[in-house]
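Model the full structure from these sequences, guided by the hints.
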Amino acid sequence: MSRVQTVLRYVVLTLGAVLFLFPFSYMFIGSLQTEPDPTIAGAFPNPANLTGQNYVEIDESISLGTGLLNSGIFTGGVILGTVVFGALAGYALAILHWRGRGLTFALALLVQVVPFQLLMIPLYVLIARDYGLADTHLGMILPFLINSSAVIIFRQYFIGIPRDLFEAARLDGASELRLLWNVALPLVRPALLTVVLLTFIGPWNEFLWPFLITKDASLQPLAVSLANYISNVAATASNPFGATLAGAFVLAVPAVTLFIVFQRYFTSTNLGSGVKG
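Residue numbering for the sequence shown follows the numbering used here, beginning at 150 and increasing consecutively.
Worth flagging that the hints you see were computed from the coordinates, not collected in a lab. The C-beta atom is built at its ideal place from N, Cα and C for all residues, glycine as well. One or more hints might be untrue.
Claimed, not checked - Each pair of labels, with its calculated beta carbon distance range:
1) Leu-256 with Gly-322: 32 to 40 Å
2) Thr-200 with Val-260: 46 to 54 Å
3) Asp-186 with Val-345: 35 to 43 Å
4) Ile-379 with Gly-214: 13 to 21 Å
5) Val-262 with Arg-312: 28 to 36 Å
6) Ala-166 with Asn-377: 32 to 40 Å
7) Asn-377 with Trp-330: 38 to 46 Å
8) Val-260 with Val-402: 30 to 38 Å
9) Leu-252 with Thr-155: 46 to 54 Å
10) Leu-287 with Arg-327: 26 to 34 Å
11) Pro-311 with Ala-255: 22 to 30 Å
And the structure:
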């Protein structure tokens, strides 16, 4: 690659990074402003117009720590269920031979086109009325425990693993669960990370279902608490715009940080390296 191409590549990447980070920069600076500045100058810090009071006000109103904890419990439970059930189902669809495997995979694809809003009312009746799980973390997590996208991702990665690895392990007496744990999963770590990152953003920003299933403010995730603040409390704040941006920034930081830290792991592994000869 020539010097001109290298410089051009870095210029393009730098511009892309600036465009990607600009909304978050604007959000952070806006969350620190004493008086809102909607002009272009508001995108740049002005020491005379900066304060941390916006974070104090919104924390006093909705408790950012409690909201973050609830979001973490909700998201962590969903990720755990998604990874466990996704890996088990993906392994069964990719490696095991059983009647109806193709039909089951077709149904997993079909589920992708069914909007969650269509199932929300029946799920609410089932979970809140029949199971009595309203105002509980389990009630929030249960509808999202199995994710068909995760099943499809794991299946596609497992299909790429050489069958010789499984046959050799079976000859040594390994069970299917041990094959999954010791052979398959170590070779599809990019799939694990992809599923975790793609799953994280959904429940972390989920609003409608937690809002529907929880009425206790102490159990609501930060996205729901922030929406309630905007609807009911923001009008009485000294700087509603700044306080809202402060809450939104706190909500966005974990997701943005996670993607920035782990983006370099979005690479495929050399699955064939496990087979000699």
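Now for the hints, and whether the structure bears them out:
| no. | hint | verdict |
| --- | --- | --- |
| 1 | Leu-256 with Gly-322: 32 to 40 Å | holds, 34 Å |
| 2 | Thr-200 with Val-260: 46 to 54 Å | holds, 48 Å |
| 3 | Asp-186 with Val-345: 35 to 43 Å | holds, 38 Å |
| 4 | Ile-379 with Gly-214: 13 to 21 Å | holds, 19 Å |
| 5 | Val-262 with Arg-312: 28 to 36 Å | holds, 32 Å |
| 6 | Ala-166 with Asn-377: 32 to 40 Å | holds, 34 Å |
| 7 | Asn-377 with Trp-330: 38 to 46 Å | holds, 43 Å |
| 8 | Val-260 with Val-402: 30 to 38 Å | holds, 32 Å |
| 9 | Leu-252 with Thr-155: 46 to 54 Å | holds, 51 Å |
| 10 | Leu-287 with Arg-327: 26 to 34 Å | holds, 30 Å |
| 11 | Pro-311 with Ala-255: 22 to 30 Å | holds, 26 Å |
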